[in-house]
Every structure is written in structure tokens, then in C-alpha cells.
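Number of protein chains: 2
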Amino acid sequence: MKLTILGCHSATPRWDAHPTSQVLEIKGHLFLIDCGEGTQVQLRKCKVKFARIRHIFISHLHGDHFFGLVGLISTFRLLGREAELNVYGPKGIKEAITLQLKLGNSWTNYPLLFHELDSKEPELLFEDDKVSVASIPLKHRVYTNGFLFREKPGERKLDINAVKEANVNMSYYHKIKQGFDVVNEDGITIDNSKITLDPEPSKSYAFCSDTVYFPEIIPQITNITTLYHESTFLKEHQELAIKTKHSTALEAATIASEANVGTLILGHYSGRYGNYEHFRKEANEVFENVELAEDGKVFKL
Amino acid sequence: MKLTILGCHSATPRWDAHPTSQVLEIKGHLFLIDCGEGTQVQLRKCKVKFARIRHIFISHLHGDHFFGLVGLISTFRLLGREAELNVYGPKGIKEAITLQLKLGNSWTNYPLLFHELDSKEPELLFEDDKVSVASIPLKHRVYTNGFLFREKPGERKLDINAVKEANVNMSYYHKIKQGFDVVNEDGITIDNSKITLDPEPSKSYAFCSDTVYFPEIIPQITNITTLYHESTFLKEHQELAIKTKHSTALEAATIASEANVGTLILGHYSGRYGNYEHFRKEANEVFENVELAEDGKVFKL
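Just so you know, the protein sequences line up as chains A and B, in that order.
Residue numbers for the first sequence follow the working numbering, so the first one is 1 and each next one is one higher.
Residue numbers for the second sequence follow the working numbering, so the first one is 1 and each next one is one higher.
These are calculated hints, taken from the structure and not from any lab test.
Errors might be hidden in some of the hints.
To be verified - What follows is a set of in silico ranges between Cβ atoms, one per label pair, in the way DEER data are often shown:
| no. | chain 1 | residue 1 | chain 2 | residue 2 | range |
| --- | --- | --- | --- | --- | --- |
| 1 | A | Tyr173 | B | Gly274 | 52 to 58 Å |
| 2 | A | Arg14 | B | Ser119 | 36 to 42 Å |
| 3 | B | Asn289 | A | Asn275 | 39 to 45 Å |
| 4 | A | Lys243 | B | Asn289 | 32 to 38 Å |
| 5 | B | Lys243 | A | Lys139 | 47 to 53 Å |
| 6 | A | Lys297 | B | Glu216 | 50 to 56 Å |
| 7 | B | Lys297 | A | Ile218 | 52 to 58 Å |
As the list claims (entries may be wrong) - Straight-line C-alpha distance at most 27 Å; calculated DSSO-like pairs for lysine-lysine:
| no. | chain 1 | residue 1 | chain 2 | residue 2 |
| --- | --- | --- | --- | --- |
| 8 | A | Lys102 | B | Lys130 |
| 9 | B | Lys45 | A | Lys297 |
| 10 | A | Lys91 | B | Lys102 |
| 11 | A | Lys102 | B | Lys139 |
| 12 | B | Lys130 | B | Lys47 |
| 13 | A | Lys94 | B | Lys102 |
| 14 | B | Lys102 | A | Lys120 |
| 15 | B | Lys102 | A | Lys243 |
| 16 | A | Lys102 | B | Lys235 |
| 17 | B | Lys94 | A | Lys94 |
| 18 | B | Lys102 | B | Lys130 |
| 19 | A | Lys102 | B | Lys120 |
| 20 | A | Lys45 | B | Lys139 |
| 21 | A | Lys157 | A | Lys175 |
| 22 | A | Lys102 | B | Lys94 |
| 23 | B | Lys297 | B | Lys47 |
| 24 | A | Lys139 | B | Lys102 |
| 25 | B | Lys297 | B | Lys235 |
| 26 | A | Lys45 | B | Lys130 |
| 27 | A | Lys245 | B | Lys102 |
Stated by the list, open to error - Okay, the calculated bits of chain B under chain A, using three or more residues with CB under 8 Å as the criterion:
| no. | segment |
| --- | --- |
| 28 | 73 to 79 |
| 29 | 95 to 106 |
Just so you know, even glycine gets a beta-carbon here, dropped at the ideal spot from N, CA and C.
Construct the complete structure from the given sequences, taking the supplied hints into account.
Given below as C-alpha cells:
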């Protein structure tokens with residue numbers, strides 16, 4: 001699982017501070033999460049093979065999270081894309097995009113499917129045999145969702161020595177990896193746990209931005225591998241966080257701690273701060289494993 | 001008159017090639033012409049004091065000419081703008097922008113006025129005592145206008161020696177500069193042309209992009225100081241120019257020559273070309289004073 005931060009700054013794009021967008025590579029998928037203005041340029045700069053993106057998840061319809069989407073969709077058309085593109089985002093996103101394409105008389109020549117969200121409960125948005133994606137309802141000034149990406153458990157691993165010793169025919173190996181008990185060459189039933197090892201633990205990633213401190217999300221993200229949680233402000237600006245429905249670094253870390261996540265990544269910094277190490281320091285008061293998002297930074301999760 | 005090229009490349013934004021946008025500084029005005037994705041970042045990079053922009057002219061509703069507009073409008077809001085902003089562009093532009101602002105629950109806190117265009121004849125869009133702006137109907141795949149910016153003639157210049165010699169009272173100087181004849185201290189009427197010099201010649205700038213070769217514009221732009229004319233292609237790709245309703249460098253230069261303009265600036269290059277000097281060379285076949293637009297380049301006109 002690889003997370004590329006294309007942009008992690010709040011509000012207006014600046015020369016050296018890009019608005020929110022990330023790419024999550026997981027089990028062969030390339031998921032794009034949010035798409036602020038300039039995302040298509042960041043995708044090129046970060047050398048993401050963006051034709052491989054088939055699913056785009058938009059948290060909410062503030063400009064710094066979605067003004068780059070229509071440009072990316074148009075660029076896909078100009079590059080001759082044929083593969084289907086799925087866009088998941090708040091109700092209204094379809095009209096906003098299609099109106100602009102229509103005005104430019106430039107509809108896409110590939111299937112563009114919108115999945116509009118308006119539920120206040122978590123929903124399963126995408127699922128295949130390797131991964132699932134669910135929404136995480138957040139609390140912000142407009143309707144907003146985070147997204148929870150989960151690898152499905154892999155197959156059990158053959159314990160080759162044990163299998164050989166148990167005298168099991170090779171033709172059963174596929175069944176064994178799926179967790180079944182099998183009968184060996186001597187007619188004896190072999191318990192699956194005796195001849196297999198646990199698969200690699202499944203990984204999971206939650207993106208939570210933008211949101212006020214909202215502990216209601218904790219049950220849904222408990223024990224996940226990595227949490228990206230917005231920290232627009234430091235606690236010295238707590239009143240601004242409440243007013244604008246954003247979180248402080250301390251609040252993000254409190255969520256991470258209560259949910260017992262593996263690692264917390266902070267981002268969506270307000271432009272008022274110079275040194276982002278203050279965010280880490282503040283978060284470290286209640287949670288140890290804190291990373292700072294940076295534009296262009298890649299996290300191997 | 002100062003022209004800053006923020007972007008001069010066609011179609012999709014790239015790391016080193018920005019879509020169309022320019023700032024024209026003329027008689028104290030800062031006019032923004034087109035607004036492709038990333039324009040607000042280019043404005044910062046080029047150190048344009050963009051709070052001073054009060055009029056934005058959008059040629060047409062293809063993404064590479066207007067996908068940056070909604071972001072710029074939002075940024076003005078975040079920066080606390082209070083001054084009125086006027087947007088001139090094709091019918092539909094108001095709905096595209098307001099829908100997106102509405103979805104983000106973020107209407108502007110400054111007056112935002114749309115002037116939607118649908119005429120196929122030139123129209124006067126803006127005028128004050130120093131400058132006028134008119135539309136130049138072009139011919140492209142969607143409804144498109146160029147824009148003609150004209151300084152109004154300045155006041156006549158006092159020929160100080162002649163004025164003194166003519167024994168004219170200082171209190172008449174303002175009238176003299178306005179072109180009136182005056183009576184001197186001896187009661188003699190002094191012909192204005194004897195005591196004044198011609199003002200600096202008025203300058204004019206026409207922006208013509210995007211368009212197929214369209215000689216109908218020549219009468220409107222005859223004798224202007226500077227013409228920016230798109231040259232998406234070289235003549236070796238004439239058939240592509242016709243198909244996509246763009247121009248070649250040769251065609252742009254032919255327009256410049258027929259209209260007897262002072263200088264031709266070429267731009268809106270297709271991404272297929274590496275060396276833009278080929279555009280200048282091709283244009284020079286029929287027109288001498290050719291300049292090449294470059295992102296970030298400033299022309300003093």
C-alpha cells in the first residue's frame with residue numbers, strides 16, 4: 001500500500017502549497033482521493049501513471065478539494081482515454097462537472113459514471129475480491145465524507161514443510177490456501193491450521209478531511225493501519241477550528257489514540273503556520289506515531 | 001501598456017506549460033484575459049497584484065481558457081476582497097461558476113457581476129475616460145470572442161516655450177491641454193496647434209484566441225499596436241488546424257500583415273512541438289515583427 005501526497009494544504013493553491021489530493025495504491029488499484037486545482041499537474045510531477053486511475057473519491061465540494069476534477073476529466077478525454085472512470089462524491093457533483101463539459105461542447109469519449117452520496121451513515125462504495133472502500137461521514141460546513149480503504153485478507157500461506165510431511169497431494173494446494181481442511185494420500189483428514197501459516201495482516205487506510213473534532217468516527221476506524229486526519233490548526237487556534245469546523249493537531253491525535261490506529265498522518269495545514277513540526281509536537285502529546293504530510297511525499301504503509 | 005503572459009500553451013496544463021491566461025496593464029487597469037487551470041498560482045508566481053483585477057474577460061468555455069476562474073473567484077473571497085469583480089464571457093459562464101460556489105456553500109462576499117455575451121457582432125464591453133474594451137467575434141468550435149483594448153487619446157502636451165512666448169496665462173493650461181484655443185494676456189487668440197504638441201500615440205492590443213483563420217476580423221484590428229493571435233499549429237499541420245478550428249503561424253501572420261498591426265505575438269502552441277522558433281520563422285515569411293509568447297514573459301507594448 002503506497003500513499004502519494006499530491007497536496008496537503010488548506011484553501012487556496014500557492015506556488016509551493018497545493019490543495020488536497022492523494023493517490024492510494026492498494027492491491028493493484030490506483031485510487032485518487034480529492035482533486036484540488038492543479039491536481040493533474042501534480043500527478044505528472046509525481047510521475048503517477050494516472051491513466052490507471054479508475055476511481056476518484058471526493059470528500060466534499062469546497063474548491064480546494066474538487067476544483068481540479070473537471071480539468072482532469074477533460075485531460076483524460078484529450079489523451080484518448082477509453083477506460084471507465086467512476087467518481088464518488090456529494091450530491092451535485094455530477095451537475096457541476098457535466099454542465100462545464102457541456103458548455104465546452106466536450107463530452108467525454110469514455111464512460112464517466114457518477115456515484116452521488118448523500119447518506120449520513122457509512123456506505124460501501126466499492127468492493128472487489130481484494131479491497132473495499134467505504135464512506136466515513138464527517139462533520140464540516142458542507143456535507144462531507146472521509147473514506148476507509150481496506151485490503152481483504154489474503155489467502156493463507158502454505159507451510160511447505162508441513163504439507164510435505166502430511167503427505168497431501170499437490171492438487172489440493174489451492175484449496176488449502178483458501179483455508180479448507182483436506183484428506184491426505186493416506187485417507188487422513190488434515191487440519192488446515194496444521195499445514196498453513198497466517199497471511200500477511202490486511203492493511204487499511206482512512207482519509208478524514210475536512211472535519212471538526214468528531215469522535216463518532218472512532219468505532220469505524222478502530223485498529224486501522226494508517227489514518228490521515230486533517231489538522232488545519234494548532235490548539236492555540238482552537239476557537240478558529242470550532243468556528244470553521246476544522247480540527248487541531250491535538251484533536252486529530254486524540255482520534256488516532258482513541259481509535260488505536262497504527263500511524264497518524266497530519267495534513268491540511270492552514271497557511272498561517274511556517275513550521276509544521278509544531279503539528280507533530282502537539283500531536284505527540286497524546287499519540288506517538290505521527291507523520292507529517294508534505295506535497296510530493298510518498299508513504300509506504 | 002504591459003502584457004504579462006501567465007500561460008500560452010494549448011489544452012492540458014503541464015508542469016512547464018500553462019494554459020491560456022494573460023494580464024494586460026493599461027492606463028491603471030489590470031485586465032485578466034482568460035483563466036485556465038492554475039492561473040491563480042501563475043498570478044502569484046509572476047508577482048501580479050491580483051487584488052487590483054476588476055475585469056476578467058473569458059474568450060470561450062473550453063477548459064484551458066476558463067477552468068481556473070472559479071478557483072480565482074473563491075480565492076478572492078478567502079482573501080477578504082471587497083471590490084466589485086466583473087466577468088465577461090459566453091452565455092452559460094454565470095451558471096457554471098455560481099453552481100460551483102453554491103455547492104460549496106461559499107458565495108462571494110464581494111459584488112460579482114457577470115456580463116454574458118452571445119452577440120456575433122463586436123460589442124463595447126467596457127469604457128471609461130482612459131480605455132475601451134470591445135469583443136472581437138472569432139470562429140472556433142464553440143462560441144468565442146477575442147478582445148480589443150484601446151487607450152483613448154491622451155491630452156495634448158504643452159509646448160512650454162511656445163506657451164511662454166505666446167504670453168498665455170497659466171490658468172489656461174488645463175484648457176490648452178484639452179485642445180482649446182485661448183486668448184493671451186494681450187487679448188490675442190492663440191491657435192492651440194501653435195502651443196501644443198501631439199500626445200503620445202494611443203496604443204491598442206487585440207487578443208485573438210482560439211480561432212480558425214478568420215479574415216473577417218481584419219477591419220476591426222487594422223493598425224493596432226499589438227496583436228496576440230493563436231498559432232496552435234505550423235502549416236505542415238494545416239489539415240489539423242482546419243479540423244480543430246485553430247490557426248497556423250502562417251495564418252496568424254497573414255492576419256497581422258493584412259491588418260497592418262505593429263507587432264504580432266504568437267501563442268497557444270500545441271504540445272506536439274519542441275522548438276517554438278519554427279513558429280517565428282514561419283510567420284516571418286509574411287510578417288516581420290513577430291514575438292513568441294512564453295509563460296511568465298512580460299511585453300512592454
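Are Tyr173 (chain A) and Gly274 (chain B) spaced within 52 to 58 Å by their CB atoms? 55 Å, holds
Coverage of the segment 95 to 106 of chain B by chain A (three or more Cβ within 8 Å): holds (count 8)
Does the alpha-carbon distance linking Lys94 (chain A) and Lys102 (chain B) stay inside the 27 Å limit? 14 Å, holds
Check of the segment 73 to 79 of chain B against chain A for coverage (Cβ-Cβ below 8 Å, three residues minimum): holds (count 4)
Taken at face value, is the distance from the CA of Lys297 (chain A) to the CA of Lys45 (chain B) at most 27 Å? Distance of about 23 Å is within 27 Å: holds.
Restraint status (C-alpha distance of Lys102 (chain B) to Lys130 (chain B) at most 27 Å): 36 Å, violated
For Lys102 (chain A) and Lys120 (chain B), compute the direct alpha-carbon distance and say whether it is at most 27 Å. OK: Lys102 (chain A) and Lys120 (chain B) at ~20 Å, within 27 Å.
Proposed proximity, Lys130 (chain B) with Lys45 (chain A) (alpha carbon, max 27 Å): 44 Å, violated
Below or equal to 27 Å on CA atoms is what counts here, so check Lys297 (chain B) against Lys235 (chain B). OK: Lys297 (chain B) and Lys235 (chain B) at ~25 Å, within 27 Å.
Determine whether the Cβ-Cβ distance between Lys297 (chain A) and Glu216 (chain B) falls within the hinted range of 50 to 56 Å. About 53 Å separates the Cβ atoms of Lys297 (chain A) and Glu216 (chain B), which means 50 to 56 Å holds.
Restraint status (C-alpha distance of Lys297 (chain B) to Lys47 (chain B) at most 27 Å): 12 Å, holds
Taking the Cβ atom of Lys297 (chain B) and the Cβ atom of Ile218 (chain A), is their distance within the range 52 to 58 Å? For Lys297 (chain B) and Ile218 (chain A) the Cβ distance comes to about 54 Å; the hint holds.
Hint compliance for this structure: hints 3, 4, 8, 16, 18, 20, 26 are broken, all remaining hints hold.
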